[in-house]
Amino acid sequence: MHKMLIIAKQVFMKNVRSASWIFLVLSPVLLLGISIGIGHLVQSSQSKPTIGVVSSVPAIRKNFADSLPGMKVKEYHSQDKAETAMQNKKLDAVLAVPIKNGEIAANLQLRDGGKVVSTKTIQAVLSQIQLQAQATKLNLNSEQLQALLKPAVLRSKTVVVDHGKASTKNQKTDTSNHLIAVAITVLMLVFTLSYGSMIAQEIATEKGSRIMETILSSVSATTQFFGKLAGILALLVVNILFYLLLILVAWKPLMKIDIVKTMLGNFDFGVLTSTNGLIFCVFFILAVLTYSVLAALTGSLVANQEQVQQAVMPISMIGLLGYVFALAVQGGDSLIVKIVSYLPFVGASVMPVRLAMSFATVGDAWISILISVIFLILFTWFTAKAYKSNVLVYNQGGFLKSIRSTFSIMNAERKSK
Amino acid sequence: MLEIRGLTKTFGSMVALDDESFTIQPGEIMGLIGQNGAGKTTTFRMILNFITPDHGDILWDGHPLTSEDYDILGYLPEERGLYPKMRINDQIAYFAQLRGMKVRDVNAQLDQWFKRFNVKGKKTDKLKDLSKGNQQKIQLITTLIHMPKLIILDEPFSGLDPVNASLLQDGINMMRDSGACIIYSSHDMSNVEALSDKLIMLKNGKTVLNGTVDEIRNSYGRIKLFIESNLTRDELTSFDGVIDVKHEGNRFELMLKSPEVGQEIFVAATKNGYIPEFSQQAPTLDEIFRMKVGEADA
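Chains R and Z are the protein sequences, given in the same order. All residue numbers for the first sequence refer to the numbering used here, where the first residue is 1 and numbers rise by one. All residue numbers for the second sequence refer to the numbering used here, where the first residue is 418 and numbers rise by one.
By construction, these hints were calculated from the structure, which means they are not laboratory data. Be a bit skeptical, because a hint or two may be false.
Stated by the list, open to error - Computed footprint of chain Z on chain R; a stretch qualifies when at least three of its residues, placed anywhere within it, have a C-beta under 8 Å from a C-beta of chain Z: (1) 106-119; (2) 276-289.
Unchecked claim - Label-pair ranges, simulated between beta-carbon atoms: (3) Gln309(R) with Lys709(Z): 54 to 62 Å; (4) Glu712(Z) with Arg210(R): 31 to 39 Å; (5) Val432(Z) with Ser334(R): 50 to 58 Å.
For glycine and all other residues, C-beta sits at the position ideal for the given N, C-alpha and C.
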């Protein structure tokens, strides 16, 4: 245990100071920061369109000035003056609002090349004015008008049936579930690929440079194997803690930015502490662990440092496969998608999305988790055994030949014991 | 004491090692020689518990050598490798910690080891900034700093210049004096002859020589003859029992079937009195190695 910690500490310290790990941790933050910054800049730099409202009735002009917050409104008595202003590019649009017998037949002229003017907003304000005009004409008081405008009530809810029990969930939770599932899928891909590659490279480099032999004369292959995994997983934990801390510190300032507020406005944070949230986290942890073990296995198969990229390839391929299936779920719940959601590796990306889209129940998710846990235990046991043989096989003939040599050594070792 | 008894290992149909046995007492150096693929590295890997023997025992002080004994081991692999971007002191401390040594003890002794092997460079330098020779010295320090009781050196002299080879020899002798059991492999017979108390030669997994250097050389008898006389090449070749004749000027170098053949030649060479040279010697280790390699398998 003590020597395993020494190895884990060495792996951790070596990588935590490396430029590549620091870049790995900071690059998403920088990317997100730059995206939010650009979005904010674009939004704030977009000036409002200016619209000239031509009407003989001051109340109408005032109504527009008050009801069009996304536009600058200039009031005109004369159509000609407004049009001249538009020709001089001082206005982006001219809205003439004549009233005849209490009816509005407005006329909107848009300047080609001018800023975008929302006709929907204008239409809504016009309808409101027209409504009031008609109400006045029909001698309706404000209560009567309100009663007339009161919409019929329609309450909607989505009911989830799980093992004969029905439970309600609201739309906001649904969206949040979906958002988290998509985020988990993307995060899973990024983290498993990044940390998987790191483990594969770490082991492959040590094996390729023959440092491995010196280490294995001091500790058992199993101790070294788990020490490496522990070191890399500690890096992952630090990475996640860093992000959480960053979110905690940046939360308040971030929520002041319009674009972030809009993005997170529809998010139900209760999902994070719900069963679904827990399941998503379990899948995330399982995926990281399973991919890490796979990475250790492929890393131990290389013969020299030039083959390190070959060690990383299987991880990227399986990772992308899971991602593609997870995307496919959003198009519908096909039989293939159902099956793969129970398989190790890809299931961890697919099942959370199926759960979020209500294609799978919580029970289905736990079954998939159980399969993944059993697989992880068996796979780790096998990898630890194979690792001992792999790290001493230097087959220049490539991966497949290395795997064959590994099996022959494992067989010879089994017979010797 | 390291005791190897009847060690056998096969990989499929290939016999990598066949019934190998030897012992190394504390303070003894054993040289393991043989061509590539003879079974030297397989022997080391079994002692190191990298692979399990099909048969045989590896005993350390009478008990089976297991992973519990890792801390008494010092191993220098044939192909050297350290972390190029890591600082030297961190690197040595890491490997020493894996052998159960404390970092403060490593730091306290590091200067002494740098001096002993004449390392050119600072302790805080990165390994990649050192010359190849100095990198090899660092690797040797990582092997020895914890003062192991059992030292395994796989081709330690390969790639070393004569000065560094001599420093390495001094290092090995120092460890021998401290009571360590040392086993190493080498292709350079002059090193082996100078350094080894005992010798094992492997050929296709079989032990073909086993004993002290003198025992092995003497077991062949004085079958090598240097002679300067009036005898011609043809006359020398005509003796029954002369296997090979080489000459350089008037001086001949003969390989004899048995030492007794020398007496016959001596009589013939000295029948007219004085001759400048007649020297009958045991073959060198290098010659024995070549003879053994050339022999057909039994």
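These are the hints, each one checked on the structure:
By the rule of at least three residues with a Cβ nearer than 8 Å to a Cβ of chain Z, the coverage given for the segment 106-119 of chain R is violated, with 0 such residues. Against chain Z, the segment 276-289 of chain R contributes 0 residues with a C-beta closer than 8 Å to a partner C-beta. That does not satisfy the three-residue criterion, and the hint is violated. The given range of 54 to 62 Å is broken by glutamine 309(R) and lysine 709(Z), whose C-beta atoms sit roughly 45 Å from each other. One distance hint, 31 to 39 Å for the beta-carbon pair glutamate 712(Z) and arginine 210(R), holds here, with the actual separation near 33 Å.
Remark: the range hint 50 to 58 Å for valine 432(Z) to serine 334(R) is upheld by a beta-carbon distance near 56 Å.
In summary, the structure is inconsistent with hints 1, 2, 3 from the numbered list given earlier, while agreeing with the others.
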